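Novice: Put chain C on the given structure of chain D with help from the hints.
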Amino acid sequence: MEEVKLLGAWPSPYCYRVIWALRLKCVKYEYVEEDLSNKSDLLLQYNPVHKKIPVLVHRGKPIAETNVILEYIEEVWPHNPLLPDHPYDKALARFWTKFEEDKSPTFFAFFHGVGEEQEEATKEAKKLLKIIEEHGLGEKKFFGGNKIGLTDLAFGWLSGWLEVMEEAVGVKLLEANSFPHLKAWTKTFKEVPVIKENLPDPDEMLPYFKSLREKFIASATS
Amino acid sequence: MADEVILLDFWPSMFGMRVKIALAEKGIEYEYKEENLWNKSTQLLQMNPVHQLIPVLIHNGKPVCESLVMVEYIDEVWKDKSPLLPTDPHQRAHARFWTDFVDKKVFDVSKRIWSTKIEENESTKKELIETFKILEGKLRDKPYFGGETFGFVDLALITFYSRFYSAEMFGNFSIEAEFPEINAWAKRCMQKDTVAKSIPDQKKVYEFLVQMRKQLGLD
Numbered sequence: 001m002e003e004v005k006l007l008g009a010w011p012s013p014y015c016y017r018v019i020w021a022l023r024l025k026c027v028k029y030e031y032v033e034e035d036l037s038n039k040s041d042l043l044l045q046y047n048p049v050h051k052k053i054p055v056l057v058h059r060g061k062p063i064a065e066t067n068v069i070l071e072y073i074e075e076v077w078p079h080n081p082l083l084p085d086h087p088y089d090k091a092l093a094r095f096w097t098k099f100e101e102d103k104s105p106t107f108f109a110f111f112h113g114v115g116e117e118q119e120e121a122t123k124e125a126k127k128l129l130k131i132i133e134e135h136g137l138g139e140k141k142f143f144g145g146n147k148i149g150l151t152d153l154a155f156g157w158l159s160g161w162l163e164v165m166e167e168a169v170g171v172k173l174l175e176a177n178s179f180p181h182l183k184a185w186t187k188t189f190k191e192v193p194v195i196k197e198n199l200p201d202p203d204e205m206l207p208y209f210k211s212l213r214e215k216f217i218a219s220a221t222s
Numbered sequence: 001m002a003d004e005v006i007l008l009d010f011w012p013s014m015f016g017m018r019v020k021i022a023l024a025e026k027g028i029e030y031e032y033k034e035e036n037l038w039n040k041s042t043q044l045l046q047m048n049p050v051h052q053l054i055p056v057l058i059h060n061g062k063p064v065c066e067s068l069v070m071v072e073y074i075d076e077v078w079k080d081k082s083p084l085l086p087t088d089p090h091q092r093a094h095a096r097f098w099t100d101f102v103d104k105k106v107f108d109v110s111k112r113i114w115s116t117k118i119e120e121n122e123s124t125k126k127e128l129i130e131t132f133k134i135l136e137g138k139l140r141d142k143p144y145f146g147g148e149t150f151g152f153v154d155l156a157l158i159t160f161y162s163r164f165y166s167a168e169m170f171g172n173f174s175i176e177a178e179f180p181e182i183n184a185w186a187k188r189c190m191q192k193d194t195v196a197k198s199i200p201d202q203k204k205v206y207e208f209l210v211q212m213r214k215q216l217g218l219d
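Listed in order, the protein sequences are those of chains D and C. Take the first sequence: its letter number 20 is residue 20 in the UniProt record's numbering, and every next letter is one higher. Take the second sequence: its letter number 147 is residue 147 in the UniProt record's numbering, and every next letter is one higher.
None of these hints come from the bench; they were simulated from the model. Predicted model only: the values in this text are computed from it and were never measured. Wrong hints could be hidden among the right ones.
Below, simulated DMTMM-like cross-link-like pairs (lysine to aspartate or glutamate); rule was C-alpha separation at most 20 Å, straight line [to be verified]:
{"hint": "1", "chain 1": "C", "residue 1": "K62", "chain 2": "D", "residue 2": "E101"}
{"hint": "2", "chain 1": "C", "residue 1": "K138", "chain 2": "C", "residue 2": "E76"}
{"hint": "3", "chain 1": "C", "residue 1": "K111", "chain 2": "D", "residue 2": "E101"}
{"hint": "4", "chain 1": "D", "residue 1": "K51", "chain 2": "D", "residue 2": "E101"}
{"hint": "5", "chain 1": "D", "residue 1": "K61", "chain 2": "C", "residue 2": "D88"}
{"hint": "6", "chain 1": "D", "residue 1": "K90", "chain 2": "C", "residue 2": "D75"}
{"hint": "7", "chain 1": "D", "residue 1": "K98", "chain 2": "C", "residue 2": "E76"}
{"hint": "8", "chain 1": "D", "residue 1": "K51", "chain 2": "D", "residue 2": "E74"}
{"hint": "9", "chain 1": "D", "residue 1": "K215", "chain 2": "D", "residue 2": "E175"}
{"hint": "10", "chain 1": "C", "residue 1": "K111", "chain 2": "D", "residue 2": "D102"}
{"hint": "11", "chain 1": "C", "residue 1": "K79", "chain 2": "D", "residue 2": "D102"}
{"hint": "12", "chain 1": "D", "residue 1": "K103", "chain 2": "C", "residue 2": "D100"}
{"hint": "13", "chain 1": "D", "residue 1": "K61", "chain 2": "C", "residue 2": "E76"}
Looking at chain D on its own, in the form it has when it is part of the complex (with noise of 0.2 Å):
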């Protein structure tokens, strides 16, 4: 018998990235909730290297690493396909879940900085939405065309998480004057049913991201 386990913790959206791919798949695993103030000795020997989440366990081997979990979760359980069949548009999903893999630390940034490293983070955060609103998405309705594939859910936090950074924060990003088709997307996306029942609750996700957002700002202010 198959057996997926899933080590993640709540609210990564890495993790859930990996939920969404296994659901749309309808791949049942076992969930692990790991406390990553207090790692797993089962954490530390799946992933040695990196000591992160999220990790797959598939017949008892492990694979670490976001993007190479989705990729194997693609090639083992090619049903309901979540990359391209054509080489050419397979490079192109990989380039943009690799662009947004390449700048989640200036979204990081936007979220942890304070003053003007803060202001420069959003600055720079705005130019980056700009290029995937115009060179990702277009006017498609998902990254990957008519149906949701990996490059959805590789930026499907800016559909769960953002608003919630932005509110933790005080700052708004994704306008929908400035990013209409963005903006857009964030909705189809979060309709899809499979992610509708698989995102975390927004009202539990705000006094956790209020109260990072203050730890940041009392470490760079003391």
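Specialist: Using the frame of chain D, we list chain C on its own:
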């Protein structure tokens, strides 16, 4: 209709070298175009508007960017010869994990060594040494990271061979002395014609970086 393949590149780029090796492994004929990064061609700006960086592979007029994405693309399109990735999904995941590790822990870290003042190098050097220790552990008694044959991880990492001399000069350590297995692995890879002809001379790369550092006012 014959395939038209163009590679936009800049000779010292370790990323460009990866693509050259992949194309050579598959025996693909292509047109090589050297870019001047201080005066980028219209073609580059059009083909990679997001990053405006090399390398860019243009296949029948359509651009593919990001070196490892390009290598996977080449492997999928020209799938009948010299596979670069394994077929088993778990082994593929393993290969992708380690190429991701190479990108984050070798390439990103080493960039700091030649683009910062020598005095700031100590912590970067320590990070690089830790990384190479992990990689040596991964290699153990195998001839290649892929096992018995040259594969995706070997291809991703070997282009760093072009920077061995520079890393030693700027970081003040010996890769041969500290990492004899990595050194032996690199020499093994360099015996492959497809690799050797894709990697420029280490000292030429060092001279180029010395010039870059002067221009940046680092030395």
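Novice: Now look at each hint and say whether the structure bears it out.
Specialist: Structure-based check of each hint:
1. The hinted pair formed by K62(C) and E101(D) fails the criterion: a straight-line CA distance of about 23 Å is larger than 20 Å.
2. Straight-line distance between C-alpha atoms of K138(C) and E76(C) comes to about 26 Å, which puts the hinted pair past the 20 Å bound.
3. Distance check on the hinted pair: K111(C) and E101(D) sit about 18 Å apart at the alpha-carbon level, within 20 Å; holds.
4. At roughly 18 Å between alpha-carbon atoms, K51(D) and E101(D) fall within 20 Å of each other, so this suggested pair holds.
5. Note on K61(D) and D88(C): the hinted pairing holds, with a Cα-Cα distance of about 13 Å set against a maximum of 20 Å.
6. Our distance criterion of 20 Å between C-alpha atoms is met by K90(D) and D75(C), whose separation comes to about 12 Å.
7. Taken as a hint, the K98(D) and E76(C) pair is honoured in the structure, with Cα atoms around 18 Å apart against an allowance of 20 Å.
8. At most 20 Å may separate the alpha-carbon atoms for a hinted pair to count; K51(D) and E74(D) exceed this at roughly 24 Å.
9. A distance of roughly 26 Å separates the Cα atoms of K215(D) and E175(D); the hinted pair therefore is violated under the 20 Å criterion.
10. For the suggested pair K111(C) and D102(D), the alpha carbons sit about 15 Å apart, so the restraint of at most 20 Å is met.
11. Between K79(C) and D102(D) the CA atoms are separated by roughly 28 Å; this puts the pair beyond 20 Å, and the hint is violated.
12. The suggested pairing of K103(D) with D100(C) holds, with an alpha-carbon distance near 15 Å, which does not exceed 20 Å.
13. Annotation: proposed proximity of K61(D) to E76(C) is violated, straight-line Cα distance about 26 Å (limit 20 Å).
Comparing the model with each numbered hint stated earlier shows that hints 1, 2, 8, 9, 11, 13 do not hold.
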